[in-house]
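Visitor: Each chain, written out:
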Amino acid sequence: DIQMTQSPSSVSASVGDRVTITCRASQGISGWLAWYQLKPGKAPKLLIYAASNLQGGVPSRFSGSGSGTDFTLTISSLQPEDFATYYCLQADTFPYTFGQGTILEIK
Amino acid sequence: EVQLVQSGAEVKKPGESVKISCEGSGYTFTKYWIAWVRQMPGKGLEWMGIIYPGDFDTRYSPSFQGQVTISVDKSISTAYLQWSSLKASDTAIYFCARVLVRHGLDVWGQGTTVTVSS
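The listed protein sequences correspond, in order, to chains B and Y. Quick note: the first sequence uses the numbering used here, first residue 1, plus one each step. Quick note: the second sequence uses the numbering used here, first residue 1, plus one each step.
Please note that a few of the clues may not be correct.
As a list, the in silico DSS-like pairs of lysine-lysine whose alpha-carbon atoms are at most 25 Å apart [claimed, not checked]:
id : chain 1 : residue 1 : chain 2 : residue 2
1  : Y       : 19        : Y       : 87
2  : Y       : 87        : Y       : 13
3  : Y       : 31        : Y       : 12
4  : Y       : 43        : B       : 107
5  : B       : 39        : Y       : 43
6  : Y       : 43        : Y       : 87
7  : Y       : 31        : Y       : 13
8  : Y       : 12        : B       : 45
9  : B       : 42        : Y       : 19
10 : Y       : 74        : Y       : 31
11 : B       : 45        : Y       : 43
12 : B       : 107       : B       : 42
13 : Y       : 43        : B       : 42
14 : B       : 107       : B       : 39
15 : Y       : 19        : Y       : 43
16 : B       : 42        : Y       : 12
These are computed hints drawn from the structure, not numbers from a lab. In this text the structure is predicted, and so the values were computed from the model without any measurement.
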C-alpha cells in the first residue's frame, strides 16, 4: 500500500495567518491527491481534489499544489472556522490511504 | 441533491454482531464505488474498503480483510458494513462515502457511531 506522511502533526496559528501543510507519498501518485477538513461531530469535507482543484463552495483562501510524491495545502488567511483537523488522501491506487492528519489549533 | 444517509448509532457487547447501512440518493447508485472509513476515538481516518454496486466488486484494505464484510443491495441503493463478532477495539465512528476514482471521496454520510462495551 502507498504510505502517506503528513506534517506537521499539529500547528498553532492565529486568525489571518498563512498556514501550509505537507503530505509526502511513499511512491509517485501523479496528481491524485485530495485534502479534507474534519471537525468534531461532522463528516469530512472535501476541499481540494487532483492536488490543486478547489471543490465547489470551498473558499478561495484554500489552495493545493504538488505532483509525484510531494504535496501542499495552503490556507492563505486563516479564519475562525478553519480551525480543524486536515487530512490528505492519495487517490492513485486502491486501497486509497490517508495521511495521519494535522490538527490546526488557535494560538 | 446527492446524499448518503447512514443508520443510527449502535451499542453492542463484545461478541455480538451488527450491520450498519448507508443509503444513497440523488445519483445513479450503481455507477460509483462506495467506501467505508473508520475513525477510532481520538485517531485519524482509516480506509477500510470499497464496493462497486454495479457488479459487487469488493476490495478490502489489508488491515480490515477478514474483520468486516462490505455488501450492497442495489435494489434499495444501500451499502452495508457488518461484523459477525465485535470487539471493544471496533468502537469507532464509521463513515461511508462516494468514491470519484482518482478524485477521492466527494460525498460523505453523517457517520455511524458503534460502541462495543461489556
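Visitor: If a hint holds in the structure, say so; if it doesn't, say that too.
Guide: Going down the list of hints, with the structure as the test:
no.	hint	result
1	19/Y to 87/Y	14 Å, holds
2	87/Y to 13/Y	8 Å, holds
3	31/Y to 12/Y	33 Å, violated
4	43/Y to 107/B	22 Å, holds
5	39/B to 43/Y	13 Å, holds
6	43/Y to 87/Y	17 Å, holds
7	31/Y to 13/Y	36 Å, violated
8	12/Y to 45/B	29 Å, violated
9	42/B to 19/Y	21 Å, holds
10	74/Y to 31/Y	11 Å, holds
11	45/B to 43/Y	17 Å, holds
12	107/B to 42/B	23 Å, holds
13	43/Y to 42/B	15 Å, holds
14	107/B to 39/B	18 Å, holds
15	19/Y to 43/Y	23 Å, holds
16	42/B to 12/Y	23 Å, holds
The structure shown violates the earlier hints numbered 3, 7, 8.
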